[in-house]
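Student: Quick mapping for you: the protein sequence lines, in order, are chains Y and S.
The first sequence maps to residues 0 to 232 in numbering that gives the first Met the number 0.
The second sequence maps to residues 0 to 232 in numbering that gives the first Met the number 0.
Keep in mind that the hints were calculated from the coordinates and are not lab data.
Only a predicted model underlies this, so the values are computations on that prediction, with no experimental measurement involved.
It cannot be assumed that every hint is accurate.
Pairs involving identical chains hold if they fit within one copy or between any two copies, as the list cannot separate such chains.
DSSO-like cross-link-like pairs, simulated, lysine-lysine; straight-line CA separation at most 30 Å [claimed, not checked]:
| hint | residue 1 | residue 2 |
| --- | --- | --- |
| 1 | 39 | 5 |
| 2 | 2 | 133 |
| 3 | 82 | 6 |
| 4 | 53 | 2 |
| 5 | 181 | 133 |
There are 2 protein chains.
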Amino acid sequence: MEKYDKKGDVSYTLGTTLTFELMLRKPEVARKIYVNPKQKRDETYEKMRLLAEKQHVPFITNNQKIFSLSEKDNVMMIGEFQKFQTETVPSGNHVVLVNPSNQGNLGTIFRSSAAFSIDFLAIIRPAADAFDPKCVRSSMGAIFSVPFAYFPSFEAYQALAGYRHYYPFMLQCSTPLHTIEKLAPYSLIFGNEATGLPDSFLSIGTPVRIEQSSQVDSLNLDNAVSIGVYAFR
Amino acid sequence: MEKYDKKGDVSYTLGTTLTFELMLRKPEVARKIYVNPKQKRDETYEKMRLLAEKQHVPFITNNQKIFSLSEKDNVMMIGEFQKFQTETVPSGNHVVLVNPSNQGNLGTIFRSSAAFSIDFLAIIRPAADAFDPKCVRSSMGAIFSVPFAYFPSFEAYQALAGYRHYYPFMLQCSTPLHTIEKLAPYSLIFGNEATGLPDSFLSIGTPVRIEQSSQVDSLNLDNAVSIGVYAFR
Chain Y
0 MEKYDKKGDV
10 SYTLGTTLTF
20 ELMLRKPEVA
30 RKIYVNPKQK
40 RDETYEKMRL
50 LAEKQHVPFI
60 TNNQKIFSLS
70 EKDNVMMIGE
80 FQKFQTETVP
90 SGNHVVLVNP
100 SNQGNLGTIF
110 RSSAAFSIDF
120 LAIIRPAADA
130 FDPKCVRSSM
140 GAIFSVPFAY
150 FPSFEAYQAL
160 AGYRHYYPFM
170 LQCSTPLHTI
180 EKLAPYSLIF
190 GNEATGLPDS
200 FLSIGTPVRI
210 EQSSQVDSLN
220 LDNAVSIGVY
230 AFR
Chain S
0 MEKYDKKGDV
10 SYTLGTTLTF
20 ELMLRKPEVA
30 RKIYVNPKQK
40 RDETYEKMRL
50 LAEKQHVPFI
60 TNNQKIFSLS
70 EKDNVMMIGE
80 FQKFQTETVP
90 SGNHVVLVNP
100 SNQGNLGTIF
110 RSSAAFSIDF
120 LAIIRPAADA
130 FDPKCVRSSM
140 GAIFSVPFAY
150 FPSFEAYQAL
160 AGYRHYYPFM
170 LQCSTPLHTI
180 EKLAPYSLIF
190 GNEATGLPDS
200 FLSIGTPVRI
210 EQSSQVDSLN
220 LDNAVSIGVY
230 AFR
């Protein structure tokens, strides 16, 4: 068992709660469940064992080595799963991240997208790796419930996205978020943490700005996304 | 020069931009500026040297060892500053964090509080350390612009906070954020990342809930705070 490989076709849920999220929300991608030999044979153990049995997922209890994957000592269960993405872009409301670079932010954005019932998360490359175990963990398992896919360019996404209203969030524009008419289905578009969206997005849909003081350069990306999805909910 | 000591009376800005934030917004707490011997004698160097001279802060260019403080190799400037907090609770609008445990979240909350011109951040112990260099960094320097203080209990804060409207954010209540009357001056109150606010806050002011799907347990703390301060802006 190796360390997580960005180019490989599997990733891991490091922790019991995350592994339950995998098995309850996306069991079809689960490949193996590893249980720390130190895990007690308690109700949690039995619940996971039954889930694994039902889904025909190997349930491995004698492999200590796998737990070196985790930086924390107290990880009792790890799920190994096949990387996946949604094949067809669903209708409904989307969040589009153009070149997000931070794995932790990306995980948190999955979480708030789930909280506000976003139907699809589009990630435009180059971008952080959603399957990195750090992102999986910071998503609190929401990566298994929010449909998502990577695209090579914004145009590639747009070609498949169907009729919708585009709202690029940019500091270069002066239209405040609270003043605009919010029409569904929508795509809320956010740029890179450091550079934001390029000026070319000023001519796409209705660019908006989250009104904020001049004291800071901008909000943290996941906070901007949270405010956006909340305002459009 | 030692590693950061939580119990000590100094902390550090690890990076040039952060060190400028310190020197421009809170120069009275700056004690020393360390410049990496690898730093070029360029415009940035000269600007910092002049700031240090003007503020009578020692400007130290021959100490390589200090840069072991930083995990990243490319840190070119570090500021050492005296820990501080606001002595008198200002009037205006507050964010109150009850037992926040994550340094990164705390830093990001400073950032969004600055973005939305919050007048004061109250932190109820036990709580994460705002002076930890990780928090200082994730605040992007907003720790030097948003007045804040620690309190031993919510009651200790309340005794000094003056007349105001309290809004505890809690999942135990059913009043949605968007339906309530938002009265200033206000205090938006948020609980611990894992446990939220205790039920006792149901009898304080106007408890509110950020409406969200049942798919996730709750939002990330800094995202909940961002939505709150945005909705009240």
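Student: Does each hint fit the structure? Answer for all of them.
Tutor: Against the structure, the hints:
Proximity of residue 39 and residue 5 under a CA criterion of 30 Å is satisfied in neither setting, with 32 Å inside one chain copy and 36 Å between copies. Taking identical chains as interchangeable, the C-alpha atoms of residue 2 and residue 133 lie at most 30 Å apart whether they share a chain (13 Å) or sit on different chains (26 Å). Proximity of residue 82 and residue 6 under a CA criterion of 30 Å is satisfied intra-copy only: 10 Å inside one chain copy versus 44 Å between copies. When the C-alpha separation of residue 53 and residue 2 is checked against a cutoff of 30 Å, the pair qualifies only within one copy, where the shortest distance is 28 Å, while the shortest distance between copies is 51 Å.
In the homo-oligomer, the alpha carbons of residue 181 and residue 133 never lie at most 30 Å apart, since the shortest distance is 34 Å inside one protomer and 37 Å across protomers.
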